Amino acid sequence: MFKASINIDLLKDSIAALSVIVDEVRLKISSDGISVKAVDPANVAMVVFDLKSSAFENYEASDVEIGLDLIKITDILGIVERGSIVDLELDSESQKLNLFFDGLLYKLSLLDPSTIRADPRVPQLDLPAKVVLNGQDLRRAVKAAEKVSDHVTLGVENNAFYMQAKGDTDFVRLDMTANELIDLDAGDACSLFSIEYLLDIIKSAGKANEVTLSIGRDFPILIYFEIANAGGSVTFLLAPRIESD
Amino acid sequence: MFKASINIDLLKDSIAALSVIVDEVRLKISSDGISVKAVDPANVAMVVFDLKSSAFENYEASDVEIGLDLIKITDILGIVERGSIVDLELDSESQKLNLFFDGLLYKLSLLDPSTIRADPRVPQLDLPAKVVLNGQDLRRAVKAAEKVSDHVTLGVENNAFYMQAKGDTDFVRLDMTANELIDLDAGDACSLFSIEYLLDIIKSAGKANEVTLSIGRDFPILIYFEIANAGGSVTFLLAPRIESD
Amino acid sequence: MFKASINIDLLKDSIAALSVIVDEVRLKISSDGISVKAVDPANVAMVVFDLKSSAFENYEASDVEIGLDLIKITDILGIVERGSIVDLELDSESQKLNLFFDGLLYKLSLLDPSTIRADPRVPQLDLPAKVVLNGQDLRRAVKAAEKVSDHVTLGVENNAFYMQAKGDTDFVRLDMTANELIDLDAGDACSLFSIEYLLDIIKSAGKANEVTLSIGRDFPILIYFEIANAGGSVTFLLAPRIESD
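Protein chains in written order, with my numbering: chain A, 1 to 245; chain B, 1 to 245; chain C, 1 to 245.
Honestly, the hints are just simulated from the structure, not real lab data.
Heads up, a few of these hints could be off.
Copies of the same chain look alike in the list, so a pair counts if it works inside one copy or between any two.
To be verified - Calculated lysine-lysine pairs in the BS3-like style (CA-CA distance at most 27 Å, straight line): (1) Lys28 with Lys130; (2) Lys203 with Lys72; (3) Lys203 with Lys147; (4) Lys147 with Lys96; (5) Lys143 with Lys12.
Remember, it's a predicted structure, so these values are computed and weren't measured experimentally.
Sequences are here, hints too, so could you generate the full structure?
See the structure below:
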C-alpha cells in the first residue's frame, strides 16, 4: 500500500530530476520513502534518487514497486496550482495511482514495472577531487560551454576548480578558487563530458544551493544535490568521453 | 449612426468572447447597446452577446447593423496600450469603423452583413439544474479533463456538481458540493460535451468571477457570465454529444 | 591595443543597434572610443554609431580596427547576468577578443576586417524638417502601420508631424502636434519608407527617450538617438521608396 501527501512544488522538482535521464521509471516504495535507480537508454548517465518519508506531509507505505510514465505525470502536475498539496494513493487492484489536488481526482494508469529496464548496479567510485558550488554557477558555466563545443572538460588544478570548452574558433573557461567555491577537496581530476547530458542535468541541479561534484582523471563524474528541502537527494553519474585530439 | 468610447480592456474581453465561436459577426447596434447572436460553422455552439450602452464611456447610436472581422480587430486591439480609451465611430458612407486610440486613427473596413450567416433562432430551454461557480474552477476542471479525453460529462448528483472524463487508461473527476459552489439548484442533469468547444469557451468564461451553468439530461448546456463589469453578458449554448458506449 | 570594461546592459544596447542593419561590422577603435559606419546588403539603410570612451567603466585603446560577428556576440552576451561588468581585451596576436564576465573567460574569434564591406561614405543631407519624439510613440505608430501596409509615409504639415499608411482596405494615421512632440522644426517634408526597415530600427530606437527624425520631400530620413546614458549615439539613414500610385 501507498498513501501520501506532498507539496506540489517538491513533487514537481522530484519528477523533474528523474525526467533528466529517462521517460519511465520503476519507483521502489517502502516505509522509509521512495527510491529510484535508472540508466539512460544510451548507458551514458545514471540517476540515484531518494525521497524520504519526511519530505511528505503524510506518508504511509509498505514495500511495493510501481512503474511511472514521467512524461504523463509531468503533464498532469502542470495543471496543479502552485503551493497545493497533492494526495497520492495507490490502487493496487486497478494498478492506478490516484492523485487528488485542487478538488480534482485524477486516476493515473501505472506501467507494468516488469516492462521497464531493471535497476542498474551503481558502481563504487573513489574519486580524488570534490567540488561544492552553487547550482547557478554550474548552470552558467555549462550554458557558456555550450556556445563553443559539444563537450567540456571539468577538473581541478592549482587549488581551483575549472571547466573549459574548446570549439573550432572560440574558447570558454571558468575558474573558481577555493574561496569562490562552497568547498574544495583538491585532487588529480580532469575529465571530458558531453555537454548535451550536462545541459539536461543542470535543469534540475541548477536550482540547488549546493551541488557536489566528485571528479577523477578520465573517470565518471558524480553530481549530487539535495531536493525537497533536504528531504531527498539526487545523484547523477555521467560517463566520461575520450578526448580524440 | 454609431459613436462611442470604451475602455480597451472591456472591448478586448467582449471581442474575445465572440471570437470563441466565429471569425466574423453581425453586430446589431441600437440606442440601448450592441448585441450579437451567432452559431459556429459546425452548428454545435451558439453565442448570445449583449453589451449595454452603460458599459461605454460615451455612447450614441441609432439602429444599424455592421459586419465585423473579429480576427482583424483582435490584431489591431493588440497594439492599444492597457487602460487606454478607444473612440469608435462608424463611417456609414465608406463602410469603415474609425478607431482612435493612443493618438492613432485606424480606419477598419467593415464586412457586408449580408455575407455573414443570419442570426440563429435561440431555443427556449427549460433546464432542471443550475450551478454557479467561479470561472477559475470551471477552467481547471476542463483543463484536467482534456488530459484524458476529448469529451466530458457534466452533471448534478447527491446535491453536488460533478465533471468527469474517462480516457482509454486514465480518469478525471471534479466534485463540488453546494458549499463549494456559489449556488446550486439541484435537478436531473447529466450531459456529455466536446472538450474542444469547452476549451475555447473557458478562455473567456474562465476569467469571470461567477459562471452559471444550466444543465439537463442529454440536453444542451447554457454557460452564462457577465462581462465589462456587469455592463454586458455572454451566454454560450453548447449541444450535447451522444455517448457511444 | 584595446582593453576596456563596460556594463552589460550598455554593451547589449550598442550591439543591438548595430545588428539592425548588418550581421558583421568593422569596429574602429581609437583612444576616444569606438565607431562604426555600415550599410545593409540591399543599400537601403546605413548606420553611423559612436560609443565614447566615457561610456566605459575603464577604457584604454590605441588605433585598431577589428571585425566582429554580431550574431555570435549577441548570443554570448545573452548568458551574462544583468548588471554585470564585462571586461574586454583584444588579443592582437591570436585575433581574439577576450570577454571576462561572471567569473568566465570567453575567447571570441574575430573576423578579418578586410573581408567585411568597406565603410560607406555618409552623405551630407540638408533636411528641412526636424521632429523630436519619444521612442515609444514612434514604435507604436510603426507597429500600427504594419497592420495595413508594407510602406509608410512620414511628413510634416500644419505644424504637426504625421505618419500614415494605406492598405488595400484599411488606413492608419498618427498626428502629433508641436505640443505633443518634444520638439518640431516644421518644413516641407513628406517621404515614403519601407515598414520592414523601420520595424528593425524601432527595436533599438523604440527604447530611447528622445528620437530625432530629420525628414525631407522624397528624401532619405535620418533617425538619431543617444545610447549608453548619452555616452554614445546612433544615426540610421533610410532611403525613401518611390510611391507607385
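Results for each hint:
Taking the shortest Cα distances, Lys28 and Lys130 never come within 27 Å of each other, neither inside one copy (29 Å) nor across copies (46 Å). Taking CA atoms no more than 27 Å apart as the test, Lys203 paired with Lys72 passes in both settings, with 19 Å inside one copy and 24 Å between copies. Both within a single protomer and between protomers do Lys203 and Lys147 lie at most 27 Å apart by alpha-carbon distance, with minima of 17 Å and 25 Å respectively. For the identical chains of this complex, Lys147 and Lys96 are inter-copy neighbours only, at 16 Å across copies versus 44 Å inside a copy, given an alpha-carbon limit of 27 Å.
For a Cα distance limit of 27 Å, the shortest separation of Lys143 from Lys12 qualifies both inside one copy, at 23 Å, and across copies, at 18 Å.
Taken one by one, the earlier hints fail for this structure only at number 1.
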